[in-house]
Amino acid sequence: MGQKVNPIGLRLGIVENWRSNWFATKKEFKDLLKEDILIRDYIKKRYPRGSITKIEIEKTDSIRIRIYTTRPGVVLGRRGTEINKLRDELYEMFKKQIYIDCIEVNPPGLSAQFLADSIVIQLEKRVPHRQAIKKAMDLAMQSGAQGVKVRISGRIAGAEIARSEQYIVGKVPLHTLRAKIDYATSTAFTRSGTVGVKVWVYLGEVLEEKGEKDATNA
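Take -19 as the starting number for the sequence shown in my numbering and just add one per residue.
None of these hints come from the bench; they were simulated from the model. Please read these numbers as outputs of a predicted model, since none were measured by experiment. Hints should not be assumed to be uniformly reliable.
To be verified - Below 20 Å or equal to it, Euclidean Cα-Cα: the simulated SDA-like pairs (lysine to any residue) are: (1) LYS39 - LEU12; (2) LYS34 - ALA164; (3) LYS75 - ASN64; (4) LYS178 - SER31; (5) LYS76 - TYR22; (6) LYS115 - LYS178; (7) LYS24 - ARG44; (8) LYS76 - ILE19; (9) LYS34 - THR167; (10) LYS115 - SER133; (11) LYS114 - GLN126; (12) LYS39 - ASP68.
Working from the sequences, and respecting the hints, build out all of it.
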């Protein structure tokens, strides 16, 4: 089971939190979900690939957006000009009060999205795929990851027949629900077609605090 499903979705409520936090009636649900998709797509297209690693959205009467980024200077702009412009643009789109928090991801080598995007950027520059993957995996392990898995699929290196290749360093226990695993995908648009990249980063086990465990057993 752990091999087949999205490892973040499998761990929701265990070691992962929901990326969207809001409540809706059956009638409102489709509109709020569409809002979420539009916000995420708009922010990702507005900034360079590799700069945004995760977006969290909370909704009440207003919308609070948390942008996790490896390049806070790019997201904020000089004296906050870029983030203020983004806030005004989103207000014009949805006519709701918008709050935006910018959170730096450090080290970036522990972010699966950053690693996937960095591999994709190199593939589009025609860097050999093994070299691009090795560089990303080395960065993750040097940053403190306990394991990395990369799967690449498509017409790799311009081959006539599409295939998949998989590379693993360290351990990535997909069946262990208390294992904190970051997961992301990205797509490279090369001359010979699209190449999909999936990255799993194992960050270690999340253990219960002793006080919580005692309270559960009581």
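Verification of the hints:
Taking the CA atoms of LYS39 and LEU12, the gap is about 9 Å. The hint holds against a cut of 20 Å. For the hint linking LYS34 to ALA164, the alpha-carbon distance of about 10 Å falls within 20 Å, and the restraint holds. Using a Cα cut-off of 20 Å, the hinted pair LYS75 and ASN64 holds, with the two alpha carbons roughly 15 Å apart. At roughly 17 Å between alpha-carbon atoms, LYS178 and SER31 fall within 20 Å of each other, so this suggested pair holds.
Between LYS76 and TYR22 the alpha-carbon distance is near 16 Å, which keeps this suggested pair within the 20 Å criterion. Of the supplied pair hints, the one linking LYS115 and LYS178 holds, its CA atoms being roughly 15 Å apart against a limit of 20 Å. At roughly 16 Å between alpha-carbon atoms, LYS24 and ARG44 fall within 20 Å of each other, so this suggested pair holds. Of the pairs offered as hints, the one joining LYS76 and ILE19 holds, with about 12 Å between alpha carbons and a cut-off of 20 Å not exceeded.
With a C-alpha separation of about 16 Å, the suggested pair LYS34 and THR167 falls inside the 20 Å cut-off, and the hint holds. At most 20 Å may separate the alpha-carbon atoms for a hinted pair to count; LYS115 and SER133 meet this at roughly 18 Å. Straight-line distance between C-alpha atoms of LYS114 and GLN126 comes to about 15 Å, which keeps the hinted pair within the 20 Å bound. Taking the CA atoms of LYS39 and ASP68, the gap is near 17 Å; set against the 20 Å cutoff, the hint holds.
Violation of the numbered hints given earlier is absent; every hint is satisfied by the structure.
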